[in-house]
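Chemist: Taken in order, these protein sequences are the chains called Y and X. The opening residue of the first sequence carries number 847 in the numbering used here; numbering runs sequentially from there. The opening residue of the second sequence carries number 47 in the numbering used here; numbering runs sequentially from there.
No lab work stands behind these hints: they were computed from the structure. You may find that some hints are simply not true.
[Said to hold, decoys possible] Below, a list of computed lysine-lysine pairs in the DSS-like style, where the Cα atoms sit at most 27 Å apart:
(1) Y:1285 - X:205
(2) X:475 - X:402
(3) Y:1109 - X:402
(4) Y:1116 - X:237
(5) X:205 - X:341
(6) Y:1302 - Y:1285
(7) X:100 - X:237
(8) Y:1213 - Y:1116
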Amino acid sequence: MDYQQLLLALLPDLLVVVALFAALGVDYSRMRGSRLAKRYQVACQISAAGLIAGLAVLVLQIAETMSVMETSTADGQLVLTRSTLTLKALLYAMGLGVLPLAKRDQITPQVSEYFALLLLATLGMGFVVTSRNLLGAFVALELVSLSLYAMTVLNQARRASAEAALKYLTFGAVASGFLLFGLSYLYGATGQLDLTQMTGLTDEPMLVLAYLLIFVGLGFKLALAPFHLWAPDVYQNAPTPVAGWIGSGSKIAAAALLIALLKPVSSTLKDALIPALAALAVLSMVVGNLGALRQTNLKRLLAYSAIANAGYLLVGVVAFSAAGNASVIFYILVYSLASLGAFGVVAVLTDTLGRDAEISDFNGCWKTTPGLAVAFLVFVLSLAGIPPLAGFLGKFYLFFAAIEAAPEAASWNDGFYWLVAFALIMSVVSLYYYLRVLKAFLVAPADDGAAIAPVKTGWAAGVTLCVLALAVVALGLWPEPLLDLLRN
Amino acid sequence: MTALLTIILSFIGALVCGLMPSSAHRRIRWVALAVAAAGLVVSMVCCVNYPGGKFADLVETDWIPSLGIGFITGYDGISLPLLLVTGLVAVCGVLFSWTLESRANQFYAFYFALIGGVYGVFLSLDLFLLFVFYEIAVVPKYFLITIWGGARRQFAAMKLVLYSFGGSALVLLGMLAVFFLAHDPSGEALKTFNLLELQQGQVPAAAQQWIFPLIFVGFAIMAGMWPFHTWAPTGHVAAPTAASMLLAGVVMKLGAYGCLRVAVGLLPAGAQDWAPWVAVVAVINIVYGALVALKQDDFKYVIGYSSVSHMGFVLLGIATLNLTGMTGAVLQMFSHGVIGALLFALVGTVIYSRTKTRMLDELHRLIDRMPGIAWVFIVAGLASMGLPGFSGFVSELYVLIGAWGTLSGWIVAGAGLGILATFGYTLVKIHEAFFRERKTSDPGDAEISYPAMTMPEKIGVAILLGSALLIGLCPWLLTDKISPSLELMLDRFPN
């Protein structure tokens, strides 16, 4: 691969990096004395321009007007196929959606750092999904994590924020250690860094151990129980747009990496790993769903819902099939759209509130902010898995893939009927708390302890939420193109 | 395409009503009436055009081909009566909510989303599509009850939704099993949700043993099957009138329809093995529902439990697995749909809006104070009891004749006991509500006589009572359509 090719392949990332430095530079020099609102606006515009330019180049790459398709650099550092590029493009698009939300909540005077960190996190996610190299993917994932740790603590006025960030950092560092340990065992056993070169890994103890360590590391990033303890605090206390980005973009990156790591597994190793994955799935569903039942804070509730959803995700992983892998990526995408949307609505509604987002704060939103209430309805129903929204189809596809792995069950614990049944029961439980939230938004009378005044959504945030809601509806009604893409 | 219009119109109606300002409630109710009436007209056109036997008006397109999912709709003699009853109840629901003002736009948005989902279930010929519509119908119920409902509405709505989704979870699991296990006669896996193809293929008999109860119970929860019926009375009572009319009239039929079309239709061997158990549960439904109704003090609870009892006849008809009994089951779905809706409308709106109480011991000789309404209710109550001349009599007769001989004598005897109990509570409750003097000595408003029915109420009563009478006198209008389609289903049964 020559340098020109490499330049073309990395052009989207370069554009984002340029925007990142431009945002920092402009904010440090020309905008130093300006009003906070003005600085937020400029930084947001520069960052958005960078992401839009990057996105445009990505679209050209996917449309094959730029000949980067099927390129891969040495050791699988960069593997550009239609599906990896599409994932990257979606991440950039979602990152773009976070910007206007971040612009709204002006929680910190360190404006350009806020946006630079957002861009860095997005950049890292883009690398995670396009890399098939153990080290490359790890470094990219750390880039994501470090940016997110820093962003969590941006709101210095809140003590809880610092506590949450510290928790996030310490847990995260330990988890990264586990992940790196696992990856090094994987390298030690195969002598390969390139995931595309690995095939048919058998159930030798070294590899089993490697994968168990990897599950710990990625389990943390995905907020799987029992590695979930950071999630509720971070979701509640991080700035809301950041929490949204932790709950969506970083999940996509981690899930994509998990799938890439599990691809070379042979059927013997698979059988050794399934009990561990199934246990994590069951535990996450229980902890997430039962934990969410008693939450009164909306962001905390969404954290528990994230834990539960990570559990459902593993139901697709245990299938160890092409359909299973596609279903996992599809699910995490539609989950992320809905989750980002829900956080977006909360961000827009609470930035004037100046306190925690208690569920009862949202009483009567149907009257004060009907548009946002309807958007929130769409997002939450998708999280709950109600057709015809994308969340339902995502869940259905996960279960479909799990059953497909072994449809002819002679007893109850053959195949994954039991796991799917468990997940279904847990989704019924989850409906209780999702409806409780919707009750505040859509049912409760406006005068019932309402704290939300009518807010101006702003066109950028409004467009973002609209696009997210439409995407959730559209992917539920017409998922075939995306499914096709993910299966390849 | 004709039948598909019912679904499209309802969802468009939901959107239009939802976007209108809530202050325009007078205009909204006319829009709502027009949408509901259009749905009814389309169903009637379908009924007139239906050639008989097979599925008609098929629309087949791919939806998600990689998962074996298509968008396939059409109807046959089994779905036709249910389309009609949906149309009838939808129109009357609007008529009996004529005075609704609070958040009227949202009310009709949820109302028509629910109705669209219901039409969708009755028209879907793809298992996945059917499931999607089935679930679409659940969420609006929650909001209809929590926003516009009466006492204990939060509890009732949540209970109803959790029961519904619990049922759907069972159905979804069974549905996936059917998808992967069904094969065509040559033994090749079908891998499709297309009901028409699944009906031609078969599921291995051993698998049917465990899939049948999953799907049947999953759907039967919505049909109010004992012991999962408890959502029904609480839900019916807490719901606003139009919603409880839909719940009793149509939503419970969704469950029964699913039992018949999916569980029995696709898993005949499983059905044959489980039929005796279904019959036992059905008889418990009939007797238990009737006896509990006898003990209720709240007028709406009486009707709620009578619904549970009447749905028992539907389940019993399905359990007979013969043409007569199953025809009776489908006819009973229609019959209870119109009569149940009528009773809820009378108790929930017509009587309650005048007396402001539903407690039977607070009512004082209503026969003198609202004679017209009282007589209408007495006729409706007798129709529900199974008075010859009304549809309930015919359908229950069909079910009992079907059960005679096929099912054990104890079952038939039990059903007979249930009918006696039905006579009991109907007559006792009519006496308590209309003829008895108030127990408390408080003279209060005892001498006041109440205003007569308003025009929308009169029209609603006329439509519902008229259709029950029409089918009671000319049951062949429906049975001629139901039986040939059921025969096709029964032809696929192994002997």
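Chemist: Identify every previously stated hint that the structure contradicts and give their numbers, smallest first.
Modeler: Numbers 3 and 8 - these are the hints that the structure violates, sorted from lowest upward.
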